[in-house]
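Let the hints inform the model, and build the full structure from the sequences given.
Read top to bottom, the protein sequences are chains A and B. All residue numbers for the first sequence refer to this note's numbering, where the first residue is 6 and numbers rise by one. All residue numbers for the second sequence refer to this note's numbering, where the first residue is 3 and numbers rise by one.
Since the hints were derived computationally from the structure, they do not count as laboratory data. Note that the structure is a prediction, hence the values are computed from the model and not measured.
Calculated pairs, DSS-like style, for lysine-lysine (alpha carbon to alpha carbon, straight line, at most 27 Å): (1) B:Lys442 x B:Lys376; (2) B:Lys399 x B:Lys464; (3) B:Lys308 x A:Lys407; (4) B:Lys376 x B:Lys464; (5) B:Lys367 x A:Lys26; (6) B:Lys398 x B:Lys464; (7) B:Lys321 x B:Lys294; (8) A:Lys26 x A:Lys41; (9) B:Lys294 x B:Lys308; (10) B:Lys398 x B:Lys479; (11) B:Lys89 x B:Lys442; (12) A:Lys386 x A:Lys444; (13) B:Lys294 x B:Lys191; (14) A:Lys407 x A:Lys444; (15) B:Lys479 x B:Lys464; (16) A:Lys63 x B:Lys89; (17) B:Lys321 x A:Lys174; (18) B:Lys367 x B:Lys399; (19) B:Lys308 x A:Lys174; (20) B:Lys398 x B:Lys367; (21) A:Lys386 x A:Lys407; (22) B:Lys398 x B:Lys376; (23) B:Lys367 x B:Lys442; (24) B:Lys294 x A:Lys39; (25) B:Lys399 x B:Lys376; (26) A:Lys41 x B:Lys367; (27) B:Lys294 x A:Lys41; (28) A:Lys174 x B:Lys294; (29) B:Lys308 x B:Lys321; (30) B:Lys308 x A:Lys63; (31) A:Lys39 x A:Lys26; (32) A:Lys26 x B:Lys442.
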Amino acid sequence: MAYLPNTPHLRAEMLSALGVKSVEELIDRQVPGKLKFRGLLNLPAPLSEMELLDELEKDAACNQPAVEMLSFLGAGVYDHFVPSAVARLVSRSEFYTSYTAYQPEASQGMLQATYEYQSLICALTGMDVANASNYDGATSLAEAAVLCMSATGRRGIVLSGAVHPAYRKVVETYTSGLGSTIRTVPTPNGVTSPDTLGDLLGEACSGGDPPAAVVVQHPNYFGCLEDVSAVAAKAHDVGALCVVCVNPISLGILVPPGSCGADVVVGEGQPLGSPMNYGGPLLGIFACREEHVRRMPGRIIGATTDAHGRRAYCMTLQTREQHIRRERATSNICTNEALLSLAAAVYLSLMGKHGLRRMAELCIQKAHYAARRISELPGYKLAFDAPFFNEFTVETPVPAAKIVSELSQEGILPGRDLSLDFPGMDNGLLVCVTERRTKAQIDRLVDALSRYR
Amino acid sequence: MLQPGTEPTIAELSAEGRVGVLLPQCDVPEVPLEELMPAEQIRTDLPLPEVSEPDVVRHFTRLSQRNVGVDTHFYPLGSCTMKYNPKVNEEIASWRAFSGLHPYQPEEMVQGALRIVQSLERFLCEVGGMDAASLQPAAGALGEFTGLLIIRAYHADRGESQRNIVLVPDSSHGTNPATAARCGYQVVKVASDERGRVDLGDLERHLSGCVAALMMTNPNTLGVFEDQIQEVCELAHSHGVQVYCDGANMNAVLGICRPGDMGFDVMHFNLHKTFSTPHGGGGPGSGPVAVKSHLEPYLPVPRLRKQDGVLRWSYDFPKSIGRVHPFYGNFAVALRAYCYIRQLGPEGLRSIAEDAVLNANYLLKLLVDGGAGKGLELPYPAPCMHEFVLSAAEHKKATGVRTADIAKRLLDYGFHPPTVYFPIIVEEALMIEPTETESKETLDAFAQALLAILDEDPDVVKNSPHTAPVSRVDEVKAARELNLRW
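Structural data, given as structure tokens:
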């Protein structure tokens with residue numbers, strides 16, 4: 006049997022030491038006969054390792070991965086270049102076969118790497134403290150909403166209409182047990198207007214439901230840059246906290262939310278060194294101002310010393326967590342996305358100050374080249390005027406669904422059909438251009454799009 | 003200068019002008035950033051380190067050498083099921099045909115992945131005795147959350163929203179009450195009896211029309227099989243209460259018995275425990291949820307449906323609780339679990355449970371026999387299932403050596419310590435789960451080491467570890483003098 010070191014002989018020795026004839030005797034002393042499953046589970050017969058590989062090859066052959074196509078799909082998960090060293094380091098089994106550092110002396114490697122990750126995230130976002138990770142950008146955002154509710158004692162969550170629709174859904178589900186009310190700021194021009202926001206906040210307050218949090222995504226789901234400072238100011242005017250949801254790659258160029266009045270910053274860290282993996286696992290970034298550190302969810306690693314005064318690391322502020330505080334914990338999270346946070350730390354260390362900046366510059370330049378060329382095609386225009394990073398929304402001459410379907414047959418993924426997220430937005434296509442797309446590839450997309458008018 | 007035996011941080015390895023990655027030239031005309039966005043939105047400072055690739059690689063390689071994993075040490079963390087992680091699964095998960103998929107690709111292009119998702123859902127239902135499943139929850143705690151939301155929706159649908167209490171055994175994992183609180187429930191504890199099982203009398207006293215759910219683990223966190231579980235479920239059901247199974251301990255019962263057959267209505271699995279996916283140093287995990295048919299309408303969306311021979315994601319489930327993940331869950335983790343189940347087959351899964359139970363009982367006997375008279379006690383009598391809890395309270399009284407000290411000293415002997423101080427109902431607890439992927443020789447060596455420690459000079463033990471990369475870490479100072487970033 007695979008992965009079982011004991012042999013019939015060794016089992017016999019152990020059974021003899023236990024004074025029983027079979028393991029079944031031990032089991033039958035504990036599990037009532039009426040509960041025992043008769044026969045074998047209805048599962049496929051076992052496979053040797055060789056046969057397993059053959060079997061999975063068949064499934065693999067039925068997949069056409071975006072990384073091998075001409076892909077302009079973004080919308081929350083991104084196809085970025087990852088230096089080879091990242092995968093090599095993250096596949097060291099001292100890291101990936103370990104678990105949470107309940108015994109810090111046994112886990113200084115992961116602990117220090119996580120401390121470095123926390124520090125790098127703070128540097129990137131301009132915030133004071135970061136946690137060791139949440140599951141993904143959406144649940145991070147949901148946890149931020151919970152933190153804001155706890156910090157202000159209020160229940161209102163105000164979300165920009167340009168926040169990722171799936172993130173909104175997760176926030177709704179996540180906070181449904183806590184009596185939250187969720188309001189949405191309409192974004193007809195693809196961005197959150199501070200005046201519209203101000204009006205909505207005013208209504209909420211005079212209606213007796215002052216908000217705990219105002220949430221904006223930057224760049225937002227349509228790709229547009231938001232005026233984070235103005236949004237934060239409006240939030241603070243009514244005593245609410247400002248939560249900003251970011252794309253970490255864009256922070257190579259964009260002013261960090263910490264300098265714009267953000268109280269909590271969340272985001273999706275998958276672009277920082279991890280593959281797309283069909284949408285999971287992902288990496289939830291979570292960072293906030295120092296004053297909220299005791300409300301933060303999840304693991305936090307702190308630096309300290311050992312008995313000899315040497316620098317050492319351990320989990321800290323554990324009284325926030327479920328294993329200590331149980332029903333009064335700040336969150337129920339236990340296992341998080343540690344290995345992806347390690348990948349992010351390695352990635353950011355390799356990229357560094359100049360690499361991440363350059364990466365972001367390649368993305369923004371290529372995206373703007375693509376946007377210019379597409380908007381020059383008859384029948385196409387950019388849906389919004391707002392500045393953008395590397396994603397932009399195009400109004401297409403025919404339904405985006407048709408374009409996506411037909412171009413897929415030629416190995417091109419032109420982008421996200423926005424009618425899937427916003428029913429009625431039939432001619433909306435969200436196009437993402439990363440540094441992996443060459444000019445020739447972008448020209449090929451433009452060429453293919455030009456067939457529709 | 004750093005003290006010997008310390009590793010600098012990556013920031014301390016930084017020097018201006020060092021480059022870790024060289025990127026290609028921009029092949030499209032470059033436009034000044036100021037023309038693309040307002041100047042005040044452009045960052046002027048990016049305080050990331052500048053380190054060369056050789057230095058980054060050496061740094062993280064050295065950090066890995068300061069870390070213990072299943073691949074280097076016996077790691078008997080009770081309740082975590084630290085079993086061996088098959089390398090063929092890592093290989094398959096690295097294939098671009100899986101890792102390179104974007105979640106928004108048209109379904110026609112990802113039928114292989116969707117087939118795997120559908121198959122794993124079916125396998126988990128078969129293993130658990132359930133009718134339908136969702137792989138969306140990204141970890142066990144999120145699986146629990148999903149399960150409780152499903153229960154809440156079920157009660158609301160039947161006009162029974164007054165049910166605002168969740169019952170939780172006093173031995174439960176901390177995620178159970180934390181999750182219940184997060185769902186807006188009041189948490190009430192149910193006592194354990196002297197056999198370590200849920201006290202039926204205490205349970206009966208707490209059941210009422212105000213209770214939404216009872217959360218149980220079976221075997222429970224003491225490694226004890228709740229042999230009255232059918233009666234517990236029937237009792238709960240008679241009060242209209244739904245019963246949730248925390249499936250963290252499924253490793254003990256694979257192919258032997260099934261939560262669905264015991265009477266549970268909903269459960270979660272921990273793929274990173276029972277189904278061999280790596281723990282990753284703290285994730286990623288995966289916590290799929292499985293339900294009986296009366297709860298199926300409430301499962302998270304989207305769910306797979308076959309239309310014209312093609313598997314597609316469907317949102318056409320009006321009673322669904324909604325989303326708990328932005329996409330479909332931790333697919334790459336699910337893929338590994340799928341490969342594991344395909345490799346083991348039904349006989350293999352049963353053998354896993356059998357060896358897990360045998361290993362635990364054998365190790366238990368060694369420690370109980372050898373620990374008699376040394377202050378190591380077994381609060382709940384043998385036999386156990388796949389894990390057991392010992393108490394070192396008497397040893398502490400006699401020598402002043404605590405469970406925490408014993409744990410640290412085990413590191414000097416080359417073993418990762420077991421779980422300590424959990425469950426909270428046992429004083430100076432050591433929770434030990436060897437798993438089936440350990441040999442008799444390893445168990446013998448571990449027992450020898452633990453028993454030897456009980457005879458050692460207390461000062462040596464209290465000041466351990468002596469041979470780890472660092473000596474005893476000052477956790478009190480870490481909380482008092484917060485240093486959470488460089």
